[in-house]
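Turn these sequences into a full structure, and let the hints steer you where they fit.
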Amino acid sequence: MFGFYIVLAIFLVLAILLMIFRVSRLISVVKGSDEKSVTGSNNVNAILMVVFLVLFFGLMAWYSFAHFDSYDPPVASDHGIVTDKLFWRTMWITGIVFVITHILLFVFAYKYRYRENHRAEFYPHNNKLELLWTGVPAIVLTWLVISGFAAWSDITSKAPEDAEQIEITGQQFTWLIRYGGMDNEVGDYDYRLIDATNDLGMDFTDKANFDDFNNNSIVLPKGRPVLLKIRAKDVLHSVYMPHMRLKMDAVPGMPTQFWFVPNKTTEEMRIEENNPDFNFELACAEICGTSHFAMRRIVTVLEPEEYDKWKAEQKSWLSKNPDYMSQVPENLKELAVVTAGINE
Amino acid sequence: MATATHIDAHAHDDHDHEHHETFITKYIFSLDHKTIAKQFLITGIIWAIIGAGFSAIFRLQLGFPEADLSWLRPLLGKWIQPEGSLDPQFYLALVTMHGTIMVFFVLTAGLSGTFSNFLIPLQIGARDMASGFMNMLSYWFFFLSSVIMFISLFLETGPASGGWVVYPPLSALPQAMDGSGLGMTLWLVAIVFFIVSSLLGGINYITTIINLRTKGMTFSRLPLTIWSFFLTAVIGVLSFPVLFAAALLLVMDRSFGTSFYLSEIYIGGEALPNVGGSPILYQHLFWFLGHPEVYIVLLPALGITSEIIATNSRKPIFGYKAMIISMLGITVLSFVVWAHHMFVSGLSPFLGSIFMFLTLIIAIPSAVKVFNYLTTLWRGNIVFTPAMLFSIGLVSVFISGGITGIFLGNSAIDIQLHDTYFVVAHFHLVMGAASSFGLLAGVYHWFPKMFGRMLDRKLGYIHFWFTFIGIYAVFFPMHYIGIAGFPRRYYSFTNFDAFSGFTDLNAFISVAAILTFFGQFIFLFNFFYSIFRGKKAPLNPWKSNTLEWTTPRVAGHGNWPGEIPTVYRWPYDYSKPGAEEDFIPQTVPFSETMDSNLPHENDMIAIEKEESASEIVVDGAKGH
Chain A
1 MFGFYIVLAI
11 FLVLAILLMI
21 FRVSRLISVV
31 KGSDEKSVTG
41 SNNVNAILMV
51 VFLVLFFGLM
61 AWYSFAHFDS
71 YDPPVASDHG
81 IVTDKLFWRT
91 MWITGIVFVI
101 THILLFVFAY
111 KYRYRENHRA
121 EFYPHNNKLE
131 LLWTGVPAIV
141 LTWLVISGFA
151 AWSDITSKAP
161 EDAEQIEITG
171 QQFTWLIRYG
181 GMDNEVGDYD
191 YRLIDATNDL
201 GMDFTDKANF
211 DDFNNNSIVL
221 PKGRPVLLKI
231 RAKDVLHSVY
241 MPHMRLKMDA
251 VPGMPTQFWF
261 VPNKTTEEMR
271 IEENNPDFNF
281 ELACAEICGT
291 SHFAMRRIVT
301 VLEPEEYDKW
311 KAEQKSWLSK
321 NPDYMSQVPE
331 NLKELAVVTA
341 GINE
Chain B
1 MATATHIDAH
11 AHDDHDHEHH
21 ETFITKYIFS
31 LDHKTIAKQF
41 LITGIIWAII
51 GAGFSAIFRL
61 QLGFPEADLS
71 WLRPLLGKWI
81 QPEGSLDPQF
91 YLALVTMHGT
101 IMVFFVLTAG
111 LSGTFSNFLI
121 PLQIGARDMA
131 SGFMNMLSYW
141 FFFLSSVIMF
151 ISLFLETGPA
161 SGGWVVYPPL
171 SALPQAMDGS
181 GLGMTLWLVA
191 IVFFIVSSLL
201 GGINYITTII
211 NLRTKGMTFS
221 RLPLTIWSFF
231 LTAVIGVLSF
241 PVLFAAALLL
251 VMDRSFGTSF
261 YLSEIYIGGE
271 ALPNVGGSPI
281 LYQHLFWFLG
291 HPEVYIVLLP
301 ALGITSEIIA
311 TNSRKPIFGY
321 KAMIISMLGI
331 TVLSFVVWAH
341 HMFVSGLSPF
351 LGSIFMFLTL
361 IIAIPSAVKV
371 FNYLTTLWRG
381 NIVFTPAMLF
391 SIGLVSVFIS
401 GGITGIFLGN
411 SAIDIQLHDT
421 YFVVAHFHLV
431 MGAASSFGLL
441 AGVYHWFPKM
451 FGRMLDRKLG
461 YIHFWFTFIG
471 IYAVFFPMHY
481 IGIAGFPRRY
491 YSFTNFDAFS
501 GFTDLNAFIS
511 VAAILTFFGQ
521 FIFLFNFFYS
531 IFRGKKAPLN
541 PWKSNTLEWT
551 TPRVAGHGNW
561 PGEIPTVYRW
571 PYDYSKPGAE
581 EDFIPQTVPF
591 SETMDSNLPH
601 ENDMIAIEKE
611 ESASEIVVDG
621 AKGH
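Line by line, the protein sequences are chains A and B. Throughout the first sequence, residue numbering follows full-length UniProt numbering, covering 1 to 344 in sequence. Throughout the second sequence, residue numbering follows full-length UniProt numbering, covering 1 to 624 in sequence.
Hints are computed from structural coordinates only; laboratory data are not their basis. Any given hint could be a false lead.
Computed list of lysine to any residue pairs in SDA-like fashion (alpha-carbon distance at most 20 Å, straight line) [claimed, not checked]:
id : chain 1 : residue 1 : chain 2 : residue 2
1  : B       : Lys458    : B       : Lys536
2  : A       : Lys309    : A       : Gly341
3  : B       : Lys543    : A       : Ser33
4  : B       : Lys458    : A       : Val51
Estimated spans, in silico, between C-beta atoms of each pair [unchecked claim]:
id : chain 1 : residue 1 : chain 2 : residue 2 : range
5  : A       : Leu17     : B       : Ile607    : 52 to 62 Å
6  : B       : Gly276    : A       : Trp92     : 44 to 54 Å
7  : A       : Ile93     : B       : Ser255    : 42 to 52 Å
8  : A       : Ser326    : B       : Ile354    : 43 to 53 Å
C-beta atoms are modelled at their ideal positions from N, C-alpha and C, and glycine is treated no differently.
In structure tokens:
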């Protein structure tokens, strides 16, 4: 019954609107205003242009300044400071262009609204003006491109040799995290070796795998370069750490990488943000299926000493799964036992 | 000459009588470009309602994640989960179909299909398209494509749901998600037919513009609308075949066990045999169309706007040649910027920097266009028709959305912004809103020519302000959400601390989006009401210069009952000093406007005379 009333109400409202429309049309026919090509509405529209401009800029300025802290996420990596700087520099330059062009657009629309017995100025071209507004944007853009290029080259340059190696593997719908272990080298893998336990397909003919260990969250040392070796098992994913200003797709069959230097510990951020529950996070940024929105891992940044201590405490994957010793070639078994830290 | 004209007109009348058009040949399998244009328009409108309606549904989820949506169950059935929330996989399907429908069916077919078909013959002075039959096929392939896509909405496993870009391996592996099953197959089939339709249309547009221009209609006298349709068609013809290849290879990977895009995949507990393929290859092929596609939907809107702004400012478009050169620049550059969608895809960083450079160059012709629009308004005598309002709105959203492109085109800044709501805000403004505004402006402007009746002006004004404010209310706040780092295509943000804020802003956006959606029904009412009950249109309601306004109120097959008019001048002689009226149609020779001619135009008179003299001789010979 309630549904029926709603339908009835909608129907009545529509009927009333239709009546208003019919009546206003008849009035305009009687007044003869629908024969004119320009009516009083022209001035109303012209005024609305300016009203819109004022309200639009007012709201924009208010929100941009009043809520700055809520939309400007804190940054916690060295390169993030650089890209943020580029972002805000671009914001200022384009912001000025945005404001000027909009003022011109709406003010011109208002100022040069139709006046009877007035004629527009016949002004078909001016090559000097065209050159001016081709040249100036070209120069400004060149500057932006060059500063962007410099930052991009640094960010994508080869990782330092001593960078901490961490492998992040995307799969529906979780991230697998593996550390290079004491030799700081993430070992080889083969997707055909993946099984229920060896979910990364670690290849134990490669001795770099013996000391590798897994962890449920990403732990990083502050102030040291970290090299993320990124891959995916099933579909595309994208490693995204918003506070680190870091994003790189995880592609099945094509390993990718990203290196960076975290520069704030989780503790420091908790104090800075005045939020004892603050955590850095890892999210997926490339659509990967139904639970794409739920691929979360916590990222913890520790002081370098704490990190070294934490790392030394970790047990190698092989020592936790000694069954896989059978996959280690005979000549490497002894080495495997030692590096994996298996107590026999 | 008079006799000749008379005979010609008479002959044409006979010609008309010969074909007794049935309902089917007149309205369904019509070869007439005007009817085909209307078919594209109406189909586009229907798709727009569906596509925008989808966005209203997923905005409900995003704005009110806690809301009980059980009341949608009669419409969506099992896609509403038992506890009353939207199914997460169906959410992705809605996002995917919203993108596909809007980009391809509404803004490509609905915009280009409508206005290229309608305006090209009318504005260049041709009786019809070069091939009416191909033109008809173009629509019916589009229709077939539409039907297939529509059917896919009702599948048990849902329509395609891997995002409108349908990146493999997600789209290639049915075991990766339900939507990658039959839904994806139908998506691919529909897109293949769509490409066929686009190519048939595009080849026709190009041929018609090159070959069928009336006497005097040189390329330097073409209205900017025609220039934009021409370049759009060129872009389409060169880039759609690449999408065809991308789709074909994906079909083969899906159905015939090839490994173009697949390599080293372990899914559903088994290792797939595919090795050696690359998902990045698909991205290259897709964006080789995907980026030009942005200009396929944008250029016609810019062309339409150029025409409307000039007409209603009562001024020549400022920098006609600069406008053409910048469109040419955009056309060429649109082919060499595609990899800016792939900065963080694992693409070689060096390639990334090349594409950053090329991408930022494309901002220059776009900026030139904006400055030219502004100067056209300057010292005009502006008449705010609804079409003019939407054109001014287009310039505004084009600036707002274009500017954020400078952030995203910069690969260093893009690392953070890629696949966030900042991108969503950017392309919805610069491509979605701008093209839609172009489409609406075009409908308001040429409705009198399409249906011989006027749209209600006041409803047009209400519709414009509602839509304009609505569009900004929806997409401007998304910039903030994007800067805050919120990723797109997320069903819910509650899992992350970093994305837990902005629930108020998200709710605001949703309310604005749903209101804007319902605001479009003002237009729909106006549109369908005025087709039948609108005030009869005068011959040239906007006092415009272009050729279409020299046809009868309702132009028949062949457009002009008599001879096709000859063109003597460019289409932008508005408010010329010395002229009686503030407009001089293209069909008025310079010899009749001695008071307003510029010095070099007086020289044209001699040429005009020579040409018409030679005509009389020929006609005279015929007469005897």
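Verification of the supplied hints:
Between Lys458(B) and Lys536(B) the alpha-carbon distance is near 16 Å, which keeps this suggested pair within the 20 Å criterion. Taken as a hint, the Lys309(A) and Gly341(A) pair is honoured in the structure, with Cα atoms around 16 Å apart against an allowance of 20 Å. A distance of roughly 17 Å separates the Cα atoms of Lys543(B) and Ser33(A); the hinted pair therefore holds under the 20 Å criterion. At roughly 19 Å between alpha-carbon atoms, Lys458(B) and Val51(A) fall within 20 Å of each other, so this suggested pair holds.
About 57 Å separates the C-beta atoms of Leu17(A) and Ile607(B), a value consistent with the hinted range of 52 to 62 Å. The given range of 44 to 54 Å is respected by Gly276(B) and Trp92(A), whose C-beta atoms sit roughly 47 Å from each other. The supplied range of 42 to 52 Å is met by Ile93(A) and Ser255(B), whose beta-carbon atoms lie about 50 Å from each other. Evaluation of the 43 to 53 Å hint for Ser326(A) and Ile354(B) yields a pass: the beta carbon distance comes to about 49 Å.
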